[in-house]
Amino acid sequence: MRILLNGAERQLTASRLDEALDALGYKGAVVATAVNGRFVPALRRANTQLYDGDSLEVLAPMQGG
Amino acid sequence: MEFYGVTLSSRLLLGTARYPSPKILEAAVRASRAEIVTVSLRREGGDQRAGQTFWSFIGELGVRVLPNTAGCHSVKEAVTTAHMARELFGTTWIKLEVIGEADTLQPDVFGLVEAARILSEDGFEVFPYTTEDLVVAERLLEAGCRVLMPWGAPIGSARGLNNLFGLRAMRAHFPDVPLVIDAGLGVPSHAAAAMEMGYDAVLLNTAVAEAGDPVRMAEAFALAVDAGRLAHTASPLEPRDMAAPSTPVLGKAVLA
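Chains as they are written, first to last, in our numbering: chain G, 130 to 194; chain F, 3 to 258.
Hints should not be assumed to be uniformly reliable.
[Unchecked claim] Label-pair restraints from in silico Cβ distances:
#1 94(F) x 151(G): 20 to 30 Å
#2 125(F) x 176(G): 15 to 25 Å
#3 181(G) x 125(F): 27 to 37 Å
If you are wondering where the hints come from, they were derived from the structure by calculation, not from laboratory data.
Just so you know, even glycine gets a beta-carbon here, dropped at the ideal spot from N, CA and C.
Just chain G, same shape as in the assembly:
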């Protein structure tokens, strides 16, 4: 499956969001997620399926004004 991770194309075998995050290196990371522009709370990641062509945004805390 091909997805867009933070705007860059990635190949993925896992289709559940929580498993995909682990596979993409985010295991244990403090991040928030959105799929196709919609926020997916951490509690719903295990029930969220990713599909070919989906856009996944993974955001973390950073400095801001």
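Using the hints provided, position chain F relative to the given structure of chain G.
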């Protein structure tokens, strides 16, 4: 001073971006005596841990965080970012920015009111980055905001208080609403002027972070905020057109 039921002793809110190093940021936060710092959220790769490192760093500072929706140009973007921030930072506070114009970073006040209503209804406590427009301010209060944050000048411009008349009118029109000058301040005298006018607090970032010595500048702003607030509570004189002698004339010798 209270924001959404939280009592604060510091009237200076500090941004965390653009400092030369984390060590200088930490020292600047201490020197400013800020109890609230603004933070944001951005993309992070799976092989990176910059966000995790920053979050641990903020935790060690022991201050309250106010996440922003900086860079959002639409209601949808801002609302989604706010939801992600609430989960990441574990707070219902959100500094709501909906940018309407790229050169001035002026708020899109129409989108701002709409996003504020959506978020307030969803349990957020919204700190809207707005202009000094009184009608927009009324709409934001109707939408559920209990704090307003008008700009002093465009973000990062260091111009100070661009529209003194408008800001004074806003203060007079909303005597009981916490008002925070957000953006555009450059030097401590700008902050002092805002506080003398009766504003409840100021929010700074670039003026401190990009000063030659951010830690000294943070302290200078803290002193200016204190001085301005103290002056406001001491009922400053109204300006007048003609001179008024300060030395009594009565008893003056006739020497001419």
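Hint-by-hint comparison with the structure:
1. 94(F) x 151(G): 20 to 30 Å: holds, 29 Å
2. 125(F) x 176(G): 15 to 25 Å: holds, 22 Å
3. 181(G) x 125(F): 27 to 37 Å: At roughly 35 Å between Cβ atoms, residue 125(F) and residue 181(G) fall inside 27 to 37 Å, so the hint holds.
In terms of the numbered hints stated before, the structure departs from none.
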